[in-house]
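Produce the entire structure from the sequences given, and follow the hints as far as they go.
Those protein sequences? They're chains A and B, same order as listed. The first sequence begins at 68 in the numbering used here and counts up one residue at a time. The second sequence begins at 7 in the numbering used here and counts up one residue at a time.
Worth double-checking, as some hints may not be accurate.
[To be verified] To give a feel for the contact side, a few chain B residues facing chain A, derived at Cβ under 8 Å:
hint: 1; residue: A198
hint: 2; residue: S217
hint: 3; residue: E336
Note that these hints are calculated values from the structure, not bench results. Heads up, the beta-carbon is just placed ideally off N, CA and C, and yes, glycines get one too.
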Amino acid sequence: MRILYVNNDGGGFADYVDVTPAMTVETFFIEKMPNRKPDDFLIRVNRQPVARDYVLQENDRITITPTKIEGALV
Amino acid sequence: MEDRKKLARIANRIREGLMQLKYGRYLELNRQLANITGQLQRLTTESRKMEASVTRRWLSAAQRCCKNVDNLLGEVGYSLPRIRPLTEKPQKEIPKLPLLIDELNGLHEEFGDIEFDASKNIISVITEPITLEDIYLGPFKIQLELNKLDQLYNSSPYFVVAIEPNPASTDQEVTHPHVSGEKLCEGDGSAAIKAALEEGRISDFFTIVRSILNTYSPDSPYVALHDWDGATCYDCGYTMNSEDTYYCEYCERDYCSECSTYCRHCEETICLGHSGQCSYCEEMLCRNCVSECEECGKMFCQSCLEEDLCPNCREEKENENEQQEAEINECENTSQPQTETTEVELAS
Numbered sequence: 068m069r070i071l072y073v074n075n076d077g078g079g080f081a082d083y084v085d086v087t088p089a090m091t092v093e094t095f096f097i098e099k100m101p102n103r104k105p106d107d108f109l110i111r112v113n114r115q116p117v118a119r120d121y122v123l124q125e126n127d128r129i130t131i132t133p134t135k136i137e138g139a140l141v
Numbered sequence: 007m008e009d010r011k012k013l014a015r016i017a018n019r020i021r022e023g024l025m026q027l028k029y030g031r032y033l034e035l036n037r038q039l040a041n042i043t044g045q046l047q048r049l050t051t052e053s054r055k056m057e058a059s060v061t062r063r064w065l066s067a068a069q070r071c072c073k074n075v076d077n078l079l080g081e082v083g084y085s086l087p088r089i090r091p092l093t094e095k096p097q098k099e100i101p102k103l104p105l106l107i108d109e110l111n112g113l114h115e116e117f118g119d120i121e122f123d124a125s126k127n128i129i130s131v132i133t134e135p136i137t138l139e140d141i142y143l144g145p146f147k148i149q150l151e152l153n154k155l156d157q158l159y160n161s162s163p164y165f166v167v168a169i170e171p172n173p174a175s176t177d178q179e180v181t182h183p184h185v186s187g188e189k190l191c192e193g194d195g196s197a198a199i200k201a202a203l204e205e206g207r208i209s210d211f212f213t214i215v216r217s218i219l220n221t222y223s224p225d226s227p228y229v230a231l232h233d234w235d236g237a238t239c240y241d242c243g244y245t246m247n248s249e250d251t252y253y254c255e256y257c258e259r260d261y262c263s264e265c266s267t268y269c270r271h272c273e274e275t276i277c278l279g280h281s282g283q284c285s286y287c288e289e290m291l292c293r294n295c296v297s298e299c300e301e302c303g304k305m306f307c308q309s310c311l312e313e314d315l316c317p318n319c320r321e322e323k324e325n326e327n328e329q330q331e332a333e334i335n336e337c338e339n340t341s342q343p344q345t346e347t348t349e350v351e352l353a354s
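Shown next as structure tokens:
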């Protein structure tokens with residue numbers, strides 16, 4: 068099953084990824100962002116907030132944006 | 007903003023801006039390529055010169071070439087990381103109108119009202135009030151200028167405007183630790199902002215900017231939050247800007263110009279509490295540059311002390327010595343018993 072994954076952490080990218088059927092948002096997050104806390108991110112599916120047990124559907128668009136990004140010069 | 011026609015009109019303007027951005031990226035690549043090509047041509051010239059120098063054993067000429075090549079390699083090294091991001095990622099297709107309308111709907115979901123200035127082609131949203139480390143900075147308006155999208159690689163196409171400004175006391179232009187002159191210091195969000203704008207993810211762009219505004223990075227702010235209201239003079243409590251703050255190394259505290267001075271001997275800045283006055287010349291001095299007169303115990307600068315005596319005590323001692331000498335001379339000219347008496351007096 069294919070979904071659009073938008074990751075605004077680091078360099079930022081949007082790409083289609085394959086996920087196993089019946090995968091929840093929480094499992095997807097743990098898989099893609101290991102060792103990170105979901106509370107530190109704004110997670111949207113099809114631009115809407117969803118529950119962590121939301122089951123991803125074919126062609127869903129999941130966006131993960133950190134709520135804190137350091138604005139210091141790099 | 008619910009009006010679909012209105013949204014479509016804005017989406018269309020965004021699309022035009024994204025086309026300009028796509029063109030702007032090629033334009034920037036072209037500019038960078040011209041730059042690096044010039045550097046490589048100069049490198050080729052140096053290579054020929056080097057070959058000739060080596061063949062003829064002109065060691066001085068070879069050394070000059072070596073220096074020029076080194077400079078050029080430095081320039082190429084600087085140019086490469088600027089050109090690579092423009093070539094390594096293929097440009098994505100500009101999103102179609104329905105997708106851009108979805109972006110605007112998403113933006114509306116995240117921020118509420120969206121403002122669009124059709125005459126200036128500016129999309130704006132307002133953040134919730136922002137408070138960092140107990141300092142209220144108020145809400146900010148993030149303004150994306152669609153006409154400036156093609157300048158993404160040279161300057162910033164957006165502005166961050168404080169709605170209820172609470173600027174740093176030391177710099178009115180700094181309305182947020184990472185905003186100066188309405189420009190955001192993007193830091194770790196820089197690449198994500200560029201990617202979002204290049205791909206037409208307008209909603210993500212505004213969300214990333216908001217995340218930066220909601221974060222304080224103490225490493226390199228324009229003005230640190232602990233100095234936001236200015237440093238306070240430890241002595242009188244006056245709020246000072248950074249140019250009017252004087253640090254006393256003795257007590258390790260900040261003072262205003264009225265409550266501080268400097269040592270006229272070593273020129274160290276000191277607070278009034280750690281300064282002292284030479285009792286003779288009345289110059290202000292630090293504790294390291296004053297010494298006690300061994301006779302009267304008062305403090306004097308090193309220039310005024312001689313053999314650990316202040317000018318007054320020195321003079322007094324000299325007068326005493328002169329007096330003693332005079333008495334001795336006088337005694338030498340008088341009778342023996344008187345001399346003995348004088349000697350007794352001196353001994354006592």
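Against the structure, the hints come out as follows:
Evaluation of the A198 of chain B hint against chain A yields a held restraint, the C-beta minimum of about 3 Å falling below 8 Å. Nearest Cβ of chain A to the Cβ of S217 of chain B: about 4 Å, under the 8 Å cut. The hint holds. For E336 of chain B, the shortest C-beta to C-beta distance to chain A is roughly 85 Å, which exceeds 8 Å, and the interface hint is violated.
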